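Student: As a plain string of letters, each chain reads:
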Amino acid sequence: MEFFVAQIITGLANASSLFLVACGLSLIFGVTRIVNFAHGSLYMLGAYIGYTFMQVLPGGLGFWSSILLAGLSVGVIGVLVEMLVLRPVYKAPELFQLVATFGVILVIQDIALIVFGPEDLLGPRAPGLRGVIRVMGEPIPKYDITLLVITPIVALTLWYLITQTRVGVLVRAATQDREMVSALGVNQAWLFTGVFGLGSALAGLGGALQLPKGGADLLMDFHILAPVFVVVVIGGMGSLPGAYLAAVIISVLNVFAVTYLPQSTLVLMFIVMIVVLTIRPYGLFGREEVAGEHGQVGEPERPIKPASARMQLLASGLILLLAMMPFYTASFSLVFTTDVLIFCLFAASLHFLLGLGGLVSFGHAAYYGGGAYVAALLVTHVNTPMELAFLLAPLGAGIAALAIGWVCLRLTGVYFAMLTLAFAQLLWSLVFQWGEVTGGDDGLVNIWPSEWLKPTIIYYYLTLLFCVGGILLLRHIAHSPFGYALRAARDSQRQAESTGIDTRKIQLLAFGFAGFMGGLAGALFVFSKGSVFPNELEIARSFDALIVVFLGGVKTLAGGVAGGVFFKGIEDILIKFEYWRLVMGLLIIFVVILAPEGIVGSLRKGAERLNLIKSRHM
Amino acid sequence: MLKVNAINSFYGKAHVLRNLSFNVPKGHVVALLGRNGAGKSTTMKSIMQLVRPSSGEITFKDEDIVRLPSHQIARLGLGYVPEDRRIFTDLTVIENLLVGWQSPREGAVTWTQEMLFDLFPNLAERRNNRGKALSGGEQQMLTIARTLMGNPSFVLLDEPSEGVAPVIIEQMIKVIGQLKSEGLTVLLSEQNLHFAQAVADSTVIIESGVKMFDGTLETLNSKPEIRDAYLAA
Chain V
1 MEFFVAQIIT GLANASSLFL VACGLSLIFG VTRIVNFAHG SLYMLGAYIG YTFMQVLPGG
61 LGFWSSILLA GLSVGVIGVL VEMLVLRPVY KAPELFQLVA TFGVILVIQD IALIVFGPED
121 LLGPRAPGLR GVIRVMGEPI PKYDITLLVI TPIVALTLWY LITQTRVGVL VRAATQDREM
181 VSALGVNQAW LFTGVFGLGS ALAGLGGALQ LPKGGADLLM DFHILAPVFV VVVIGGMGSL
241 PGAYLAAVII SVLNVFAVTY LPQSTLVLMF IVMIVVLTIR PYGLFGREEV AGEHGQVGEP
301 ERPIKPASAR MQLLASGLIL LLAMMPFYTA SFSLVFTTDV LIFCLFAASL HFLLGLGGLV
361 SFGHAAYYGG GAYVAALLVT HVNTPMELAF LLAPLGAGIA ALAIGWVCLR LTGVYFAMLT
421 LAFAQLLWSL VFQWGEVTGG DDGLVNIWPS EWLKPTIIYY YLTLLFCVGG ILLLRHIAHS
481 PFGYALRAAR DSQRQAESTG IDTRKIQLLA FGFAGFMGGL AGALFVFSKG SVFPNELEIA
541 RSFDALIVVF LGGVKTLAGG VAGGVFFKGI EDILIKFEYW RLVMGLLIIF VVILAPEGIV
601 GSLRKGAERL NLIKSRHM
Chain U
619 MLKVNAINSF YGKAHVLRNL SFNVPKGHVV ALLGRNGAGK STTMKSIMQL VRPSSGEITF
679 KDEDIVRLPS HQIARLGLGY VPEDRRIFTD LTVIENLLVG WQSPREGAVT WTQEMLFDLF
739 PNLAERRNNR GKALSGGEQQ MLTIARTLMG NPSFVLLDEP SEGVAPVIIE QMIKVIGQLK
799 SEGLTVLLSE QNLHFAQAVA DSTVIIESGV KMFDGTLETL NSKPEIRDAY LAA
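Quick note, the sequences are listed as chains V and U, same order. Quick note: the first sequence, position 489, residue 489 per our numbering, numbers continuous. If you want our numbering, it's the 1-based position in the second sequence plus 618.
In case anyone wonders, no lab produced these hints; they're calculated from the structure. This structure is a prediction, so every number in the text was calculated from the model and none was measured. All C-beta atoms, glycine included, are put in the ideal place defined by N, C-alpha and C. Among the hints, a few may not be true.
[To be verified] Computed beta-carbon distance windows for the label pairs:
#1 U:GLU800 to V:LEU72: 43 to 51 Å
#2 V:ILE279 to U:GLY655: 40 to 48 Å
#3 U:GLU800 to V:ASN187: 23 to 31 Å
#4 V:LEU594 to U:PHE628: 21 to 29 Å
#5 U:PHE628 to V:LEU465: 44 to 52 Å
#6 U:LYS679 to V:LEU594: 31 to 39 Å
#7 V:VAL335 to U:GLN690: 55 to 63 Å
#8 U:GLY655 to V:SER602: 29 to 37 Å
#9 V:ALA307 to U:ALA783: 56 to 64 Å
#10 U:LYS679 to V:ILE575: 58 to 66 Å
#11 V:LEU594 to U:GLU843: 54 to 62 Å
Could you build the full structure based on these sequences and the hints that come with them?
Tutor: Listed below in structure tokens is the structure:
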């Protein structure tokens, strides 16, 4: 019993930072509808800045002012990010802003590296709170008790701000209909900036508050991201009490898991999330998202047409050029081109889901990495011949996608996206923590192709065949009746239903098919590298694909492929430099601001303006 | 007070307003009449810049308001009451009013919550209810009251009689009369000719975004062919 109570107290204390970061994210999403992926980065900055202040300011007063200063500084950084990066892109198509926040992640990562150095920093103890107190005989760190008091105070202050002040009323009104708020004379630009600043400050505060329990390191940004999203989604997007309750549930469960079932810690929160969303699709305190209620119904989609004769000729020429490559380049270029081709297939498979289906998956790496792992596991554990493993991998990924899609498609919009992310993280955690089977962090090695496929040139042709074939197949399906039905379901689910299309079935099949093609890319990948590690399943990998699809252009068929080539090409050049992330991040932000319709979309607009191609408008 | 000069507005590719021009003089109640889809709401939204006209001029108190952000237009004293009410359903009646609050304006009535509750007694009883708990008529009153909280000198009233009970329509007629007597200028869009006749000084009739008639009610009444051609019976 004593032990039990102690565990709960520890869990509640751990919930503190998680809650602060999560409610910041939730606030920002509620008002601006931006899924701020850079929120973890703001949390990381809070830890680093708090640490830096603590080195200068002495004593207990210094410690606590450092935490407040960290929160304030990160709030100011958030305001700058909102004004410089996000303001120019509020009018861009929905979700495009999140690409800009990816850019911010990369920029902050390198800035943190430059300013604070690569070493992990151990957080200082809180002065005067070093020891433990006994609660029912069990030792509880004094700092944990302090956190237990602080969090409800912050939560109550926020609650007061949101429910009892005019600013809070405006925030809640804007969460529902920001255009109307503006028509009533409220400057929403400043409301957005204010909320973004407040949300960021909360993240910074969370980062600084956890210092004595942890520290500061450069991986914090991604590590907090998954739990924070889980908390926000379980609690219900935009709900403060929900975020608090969810943070407590996750943290307390985690403490017990560490004690009783240590290998389940990562998986557990995703299971909780899946269970909650299955029972309450919009989280514990969330409310249903109604499309268009925020006064931002997107522009109507423009129809896509089969490639013109000129484009077909161009594509054929390009394929011919690729096919001739072994005759005029060195083998390392072949290896690089193999990578690019695989990545393009991966991106194209996500584009199929996102562009044609309107289904934003945040966790597409699950099928890419999943395919790679299916092949690798078959080879490692049952000595499956490579050819068979290669064919079974996309099948496995496709089946996984069907199962996951079946659960996720009960939801729409951001909840759908979050749930796909949760499943991807679930797979990642399984692979990461189930070391006996998957090799855990060490990955699976010695996964080579059969002898006859081993030479670089042969494998290059195999990749070329499957990637080009796969991409053409995806394009072909876009113009098939199935593709029409899929686009109909995207544009108006209700109307599609009433014309006799089973939209859910169509979307599920599309999800499965996109997973299948992602798995194919994964299988090509694993045999080209000879090994696979859990990072092929990571959030970062899913983000890569998302960035590429958005930057290439969601609304253009060639978007995925064009973005893939552009992204991989640039990455190959930049990665040679020490601070390539900074450059890459800035580049992404610039593309987002300058070309809000993606590379292909903006090129086409430019060409239309110059009358190079016939406008499709009139 | 409000001058609309040759504006053209589009929804995507659809050309909704074509070279539309009209004036609303200070202190007048002008009814913008036309059938469903004639472009009445788009006219209102174009004035508020919620839909950006592709060409033409709009001036309010001799100030050019085209391309101004909506909130600045509202702060000039132009109040907008949307057709679909758009009240904040998760907020209470009082909180809805709070969102519409602006500081007092010279030359316009300064409304307080109590004055508005006098104007709309039904709302007073429901002041702590959430927007979603209100009936259609109460929501219509709330959306007007919310806009009045901004102390406008000019009100754009988009189809106030749509979908509400006859008894509420009677009340709306009274309210508009009261607003006029307080010196407010009103541009009202309507399909209901009887409603317009009860409150308006003059009318503008549009059909497919083109102006078909501009004049007093007497003139309109003397030309039944116009009335029958462009207005639903």
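Student: Does the structure break any of the earlier hints, and which numbers would those be?
Tutor: none
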